[in-house]
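All chains, full assembly: derive it from the sequences and hints.
4 protein chains.
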Amino acid sequence: MPAVSTSFAELAGELADVGRQCYARGWALGTSGNFSAVVSRDPLRLAITASGVDKGLLSGDQIVEIDDGGKVMAGSGTPSAEASLHLTIVRARRAGAVLHTHSIWSTILSDRTPDEGLAIEGYEMLKGLDGVRSHEHREWLPILDNVQDWRAAAPRVEAVLTAHPDAHGFLIRRHGLYTWGRHLAQAKRQVEILEFLIEVMGRKRGTAWQA
Amino acid sequence: MPAVSTSFAELAGELADVGRQCYARGWALGTSGNFSAVVSRDPLRLAITASGVDKGLLSGDQIVEIDDGGKVMAGSGTPSAEASLHLTIVRARRAGAVLHTHSIWSTILSDRTPDEGLAIEGYEMLKGLDGVRSHEHREWLPILDNVQDWRAAAPRVEAVLTAHPDAHGFLIRRHGLYTWGRHLAQAKRQVEILEFLIEVMGRKRGTAWQA
Amino acid sequence: MPAVSTSFAELAGELADVGRQCYARGWALGTSGNFSAVVSRDPLRLAITASGVDKGLLSGDQIVEIDDGGKVMAGSGTPSAEASLHLTIVRARRAGAVLHTHSIWSTILSDRTPDEGLAIEGYEMLKGLDGVRSHEHREWLPILDNVQDWRAAAPRVEAVLTAHPDAHGFLIRRHGLYTWGRHLAQAKRQVEILEFLIEVMGRKRGTAWQA
Amino acid sequence: MPAVSTSFAELAGELADVGRQCYARGWALGTSGNFSAVVSRDPLRLAITASGVDKGLLSGDQIVEIDDGGKVMAGSGTPSAEASLHLTIVRARRAGAVLHTHSIWSTILSDRTPDEGLAIEGYEMLKGLDGVRSHEHREWLPILDNVQDWRAAAPRVEAVLTAHPDAHGFLIRRHGLYTWGRHLAQAKRQVEILEFLIEVMGRKRGTAWQA
Numbered sequence: 001m002p003a004v005s006t007s008f009a010e011l012a013g014e015l016a017d018v019g020r021q022c023y024a025r026g027w028a029l030g031t032s033g034n035f036s037a038v039v040s041r042d043p044l045r046l047a048i049t050a051s052g053v054d055k056g057l058l059s060g061d062q063i064v065e066i067d068d069g070g071k072v073m074a075g076s077g078t079p080s081a082e083a084s085l086h087l088t089i090v091r092a093r094r095a096g097a098v099l100h101t102h103s104i105w106s107t108i109l110s111d112r113t114p115d116e117g118l119a120i121e122g123y124e125m126l127k128g129l130d131g132v133r134s135h136e137h138r139e140w141l142p143i144l145d146n147v148q149d150w151r152a153a154a155p156r157v158e159a160v161l162t163a164h165p166d167a168h169g170f171l172i173r174r175h176g177l178y179t180w181g182r183h184l185a186q187a188k189r190q191v192e193i194l195e196f197l198i199e200v201m202g203r204k205r206g207t208a209w210q211a
Numbered sequence: 001m002p003a004v005s006t007s008f009a010e011l012a013g014e015l016a017d018v019g020r021q022c023y024a025r026g027w028a029l030g031t032s033g034n035f036s037a038v039v040s041r042d043p044l045r046l047a048i049t050a051s052g053v054d055k056g057l058l059s060g061d062q063i064v065e066i067d068d069g070g071k072v073m074a075g076s077g078t079p080s081a082e083a084s085l086h087l088t089i090v091r092a093r094r095a096g097a098v099l100h101t102h103s104i105w106s107t108i109l110s111d112r113t114p115d116e117g118l119a120i121e122g123y124e125m126l127k128g129l130d131g132v133r134s135h136e137h138r139e140w141l142p143i144l145d146n147v148q149d150w151r152a153a154a155p156r157v158e159a160v161l162t163a164h165p166d167a168h169g170f171l172i173r174r175h176g177l178y179t180w181g182r183h184l185a186q187a188k189r190q191v192e193i194l195e196f197l198i199e200v201m202g203r204k205r206g207t208a209w210q211a
Numbered sequence: 001m002p003a004v005s006t007s008f009a010e011l012a013g014e015l016a017d018v019g020r021q022c023y024a025r026g027w028a029l030g031t032s033g034n035f036s037a038v039v040s041r042d043p044l045r046l047a048i049t050a051s052g053v054d055k056g057l058l059s060g061d062q063i064v065e066i067d068d069g070g071k072v073m074a075g076s077g078t079p080s081a082e083a084s085l086h087l088t089i090v091r092a093r094r095a096g097a098v099l100h101t102h103s104i105w106s107t108i109l110s111d112r113t114p115d116e117g118l119a120i121e122g123y124e125m126l127k128g129l130d131g132v133r134s135h136e137h138r139e140w141l142p143i144l145d146n147v148q149d150w151r152a153a154a155p156r157v158e159a160v161l162t163a164h165p166d167a168h169g170f171l172i173r174r175h176g177l178y179t180w181g182r183h184l185a186q187a188k189r190q191v192e193i194l195e196f197l198i199e200v201m202g203r204k205r206g207t208a209w210q211a
Numbered sequence: 001m002p003a004v005s006t007s008f009a010e011l012a013g014e015l016a017d018v019g020r021q022c023y024a025r026g027w028a029l030g031t032s033g034n035f036s037a038v039v040s041r042d043p044l045r046l047a048i049t050a051s052g053v054d055k056g057l058l059s060g061d062q063i064v065e066i067d068d069g070g071k072v073m074a075g076s077g078t079p080s081a082e083a084s085l086h087l088t089i090v091r092a093r094r095a096g097a098v099l100h101t102h103s104i105w106s107t108i109l110s111d112r113t114p115d116e117g118l119a120i121e122g123y124e125m126l127k128g129l130d131g132v133r134s135h136e137h138r139e140w141l142p143i144l145d146n147v148q149d150w151r152a153a154a155p156r157v158e159a160v161l162t163a164h165p166d167a168h169g170f171l172i173r174r175h176g177l178y179t180w181g182r183h184l185a186q187a188k189r190q191v192e193i194l195e196f197l198i199e200v201m202g203r204k205r206g207t208a209w210q211a
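Chains as they are written, first to last, in the numbering used here: chain A, 1 to 211; chain B, 1 to 211; chain C, 1 to 211; chain D, 1 to 211.
Treat the hints with care, as some may be off.
To be verified - Computed cross-link-like contacts, EDC-like style, restricted to lysine to aspartate or glutamate with a CA-CA straight-line distance of at most 16 Å:
1) B:127 - A:10
2) A:127 - D:149
3) D:204 - C:111
4) D:127 - D:166
5) A:127 - D:54
6) C:127 - B:149
7) D:127 - C:149
8) D:127 - C:54
9) C:127 - B:54
10) C:204 - B:111
11) B:127 - A:54
Claimed, not checked - Non-contacting residues of chain D with respect to chain C, defined by C-beta distances greater than 10 Å in every case (computed):
12) 56
13) 156
14) 161
15) 183
I should point out that these hints are in silico values taken from the structure, not numbers from a laboratory. Beta carbons are placed, not taken as given, at the ideal position from N, Cα and C, and that holds for glycine.
This is the structure in structure tokens:
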């Protein structure tokens, strides 16, 4: 894992770029979605989108820096209500960046799938996920029920991450996708790959092959 | 509710921005859709898109200012034929901006839903609606039959708004969506959230989960 | 009908704009689609896209001027193989501009509809069509079988236009949509409206309302 | 076939343009997809995208020049893992450019089609393929099973190309589309045409015509 040395201001600008791109694809409409990147590890400092911001107009000054308890250390605004989820992922996965999107297909698949996760298997696109070398890979995306208080639910998220050490992301039911990476570019790549595969699986269910 | 103090020229430019963005997403093709924002409350003055304008080329000089009777007070052009609907909403909801889109999915869902409204419930995205704090919210979007003369139908619209004081928008059958907000940015956020949820509900009906 | 007085160079630039916009929406991928506008009525001169041109890169110098027999009078390149269709429409409808798109949904609907036309009825969006004042309008889009030689088939197209004097466009089976207008802006508006309605009708058939 | 004389630097810039366009349409998300063009025939030199590059940010300096054994001759980076597939196609078809995309619909259709190929027949859009003069053309896109080692599988690809001398492309199961052209502009046109037709065939299966 490379050292994290990018400055807060640089990361904030890069997070805003990624956020606007997710908005353009329809994965972060309204004020939905939130995005973060690690500024320093010790002490832990996270750059994260402020709450209630239009992702189509996202700019670097709408990113705040928080400490490991979620307290704002730099920038103005309230951190996303899901900041504790980002912090939990950063700690559990040693991630350098965490991206959370609300797409049409992740909303539908997390709603309709009766199981506690979604299996994605046998697609070439899986090779874009960190460490995956073969299309024969089977990715299991856990699905968590949605809650109001993510601070209180953090231990449950941590338990899911521990139980599924190979998962590259997870879904929250009727809510959206979380994924992460060693750095922001890798997390951006993974959000595109997982959203692509989720859309493939959703659209496949709308085709009538015998017709 | 904040005081409304933005000038007509500023609001006209901002309405044109929002209109072109709706066009880009396919929610206001051709000359469809119309958009308004309150310039002053007392006396009531509304900035509203002129009729018959290409929303992909929308500019501030295609917005007119009207009084509470729909008479043009500034700018050139005929106000949208649905101006009386905008005025009714502004009065009934104390809204600062009203947005009306014609999307593929709002057209289909308003057509096919047999009931007098569409229930949307349990989605995280609902929390982007004004005053909604939990994904367990149940949004009821009333569906009105389409008519030719909205001036004559204004009392009917007002009655629906009164009967459903918590609704954040309504659908007109085979026509499209109306939503509003305290100010333009909030209305823009709500149009994105409602169009997203309507698309989710429409696409969900196209998936065969057992297949 | 307004006099046609715009110069060939101006029209060529405007046609290129419209063509690139159709390409961006996926209605003229590859070299598909062709677009024309009347330069003068007497003698008849038509500005029309040259054959084999990438619509995503379309520029004014890829538009040629032809006479009423399809002979190139200005510009370089071969006129579209469907130039005779454009000339037939311009004569039969006194159109000032003709637009032809190849969209996903017009391809599917023209293929699957067993009848000799597609009825579109009861949608607000219909009011964007020239002369339509009510959503209760019933638009009948004739569907013609595809052929190789449109010069030879011109009388058949003319007969369809005569038999359906109120049609604002027609479909060619497994091929695409033709529409027109008094001038280019109106034709552009109509292509957006008809493509929108065709997509609504296609997607509606993919929804399972009872599910 | 025209002589190939464009310089490596020029071709690299043009390949980057085409790659970003494919990314924008959702056909090369994440680091998926790879693109090449012939710099010289004798000795054979190919400009090809480096491995692991974000196609949304693709620039000319992320293209490398390789020889007929896949060895890097200019530029920095590792050539795509599928370089041997590109070289095989260039030799077997005398192609000047090869484009490989990962779209939603090519992934779904290559997965669900039980046969060893996909027949596409009777569409006007087919006339955009090199040498096709009539919409009555029947295109057969062979479907190959996906493998890990394309260098070892090259003879199998060559055998498929020999067995289907008229094919303008092929699919790899759950992976994507390969197509090619005499030069880059023609290959770009063909990727748009084949992706369009594959999407038509996929969406057609999601419509219920009797409903």
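Item checked: Given pair status - residue 10 of chain A, residue 127 of chain B, alpha carbons within 16 Å -> Answer violated: residue 127 of chain B to residue 10 of chain A is near 30 Å, above 16 Å.
Note to self: Just to be careful, I want the Cα atoms of residue 127 of chain D and residue 149 of chain C compared with a cutoff of 16 Å; is the pair within it?
What the structure shows: With a Cα-Cα distance of about 13 Å, the restraint between residue 127 of chain D and residue 149 of chain C holds, given a limit of 16 Å.
Note to self: Holds or violated: residue 204 of chain D and residue 111 of chain C, Cα atoms, limit 16 Å.
What the structure shows: Cα-Cα ~9 Å, so holds.
Margin query: Can you confirm whether the C-alpha distance between residue 127 of chain D and residue 54 of chain C stays at or below 16 Å?
Written below: It holds: about 14 Å lies between the C-alpha atoms, which stays within 16 Å.
Margin query: Against the 16 Å threshold, does the CA-CA distance of residue 127 of chain C and residue 149 of chain B hold or violate the hint?
Written below: holds (13 Å)
Next item on the list: Say whether it holds or is violated: residue 156 of chain D keeps its Cβ farther than 10 Å from all Cβ of chain C.
Entry: holds (29 Å)
Notebook entry, point to check: Was residue 161 of chain D rightly flagged as not at the interface, with every chain C Cβ beyond 10 Å?
Noted result: With a cut-off of 10 Å, residue 161 of chain D remains clear of chain C, as the shortest Cβ separation is near 22 Å.
Next item on the list: Just double-check residue 56 of chain D for me: nearest Cβ-Cβ distance to chain C has to come out over 10 Å.
Entry: Per Cβ check, residue 56 of chain D is outside 10 Å of chain C; nearest 17 Å; holds.
Next item on the list: For the pair we were handed, residue 127 of chain B and residue 54 of chain A, check the Cα-Cα distance against 16 Å.
Entry: holds (14 Å)
Next item on the list: For the pair supplied as a hint, residue 204 of chain C and residue 111 of chain B, confirm whether the alpha-carbon distance does not exceed 16 Å.
Entry: The hint holds at about 9 Å.
Check: Is it correct that the beta-carbon of residue 183 of chain D has no partner in chain C closer than or equal to 10 Å?
Finding: Consistent with the label, residue 183 of chain D stays out of reach of chain C, its closest Cβ about 12 Å off (over 10 Å).
Margin query: Given the hinted pair residue 127 of chain D and residue 166 of chain D, is their Cα-Cα distance within 16 Å?
Written below: Holds, at roughly 14 Å.
The structure shown violates just one earlier hint, number 1.
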